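Can you make the complete structure from the sequences, with help from the hints?
82 is the number that my numbering gives to position 82 of the sequence shown; each next residue is one higher, with no gaps.
Check the hints yourself; a few may be wrong.
Now the in silico label distances, taken between C-beta atoms and shown as ranges [claimed, not checked]:
1. 250 / 134: 19 to 29 Å
2. 36 / 172: 27 to 37 Å
3. 129 / 98: 12 to 22 Å
4. 133 / 178: 14 to 24 Å
5. 202 / 223: 21 to 31 Å
Rather than coming from a laboratory, the hints here were simulated on the basis of the structure. Predicted, not measured: the structure shown is a model, and the values here were computed from it. Backbone N, C-alpha and C fix where the C-beta goes; we use that ideal spot for every residue, glycine too.
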Amino acid sequence: MAIMNNICNLATPFFILATLSIIMSLVYAYSGGTELFTIENPDGRNAGFYLSSLSNSKFGDIIRPSFIYDEAGTYSFYLTVFALFRLVLNKKPSLTLIILYCSIVTFSLTHFIICILFTIRLTNIKQLIFTTIPIILIAISLLTTFSEKLNFFTDRISYNTVHENNRTAQLHNFNGALLRNENILLFGNLECLERNNSICTEDGDISSSPVTPIYRLGIIGFLIQISFLVLSLFNYKKPNCVFFAIVLNLILLQRPFYTSIYYSFSIFIFIYYFLLLNSNFFGIKKNI
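Laid out in structure tokens, this is it:
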């Protein structure tokens, strides 16, 4: 317990620094600042460094900052795992919410949903009202003031353009891949596995959607995905544990890299530590 508590304490200033960095880089880029240098991600895409953060997505003068990570969704993933640890360890909820909400500048739709879930989980009704009203007013003000600049974000949740968003496009690409080679459904795209960093390009982007495990590993990937879903819901069947199951599965729907050691290790450590702290839920006697 002491070890994980110390790790969480060390991670807190790291994510505070990350939050400040992504905000500074967003302001820098919006003010006309250009990328200071670029690096090539393992998947072949380039990411520019804007004063204090990397970004591989730019829409006009607005970037989607990702701090030291390859893309904004990755930063949101690790930040969410960190926020879950803070919740389990009973850390100050106000700081957790501040870090989460300040990181909305990544313009990740999943992160926005996670912020709402954490707000509901960490606040009572009175606090929820006083917290939600200012946030809604600020959001309306920003969307009104920068409506044209933020079209790329609002379009992602618009009924008329939802079919054009990144995740939906990946589903279309996956369907095209099956038409090209129906064996992908059983064995995955074996051609990708033979390449450096398992880069897949022939079917378009299918890198981070609910069907990615199937595209990569076929039926094995699907079984891994379903097994995690079933086990997490089973282990977290207690009412006060449902929140953790929802959040974990939500971020893994966005980035379903079950076979990636970095993502899998983060999730494994959280689940193990959570079960260790709450072993009385399952009739297990604590040994520490």
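Structure-based check of each hint:
1. 250 / 134: 19 to 29 Å: 25 Å, holds
2. 36 / 172: 27 to 37 Å: 36 Å, holds
3. 129 / 98: 12 to 22 Å: 18 Å, holds
4. 133 / 178: 14 to 24 Å: For residue 178 against residue 133, whose Cβ atoms are near 47 Å apart, the range 14 to 24 Å is violated.
5. 202 / 223: 21 to 31 Å: For residue 223 against residue 202, whose Cβ atoms are near 25 Å apart, the range 21 to 31 Å holds.
Violated hints amount to a single one, hint 4; each of the other numbered hints is respected by the structure.
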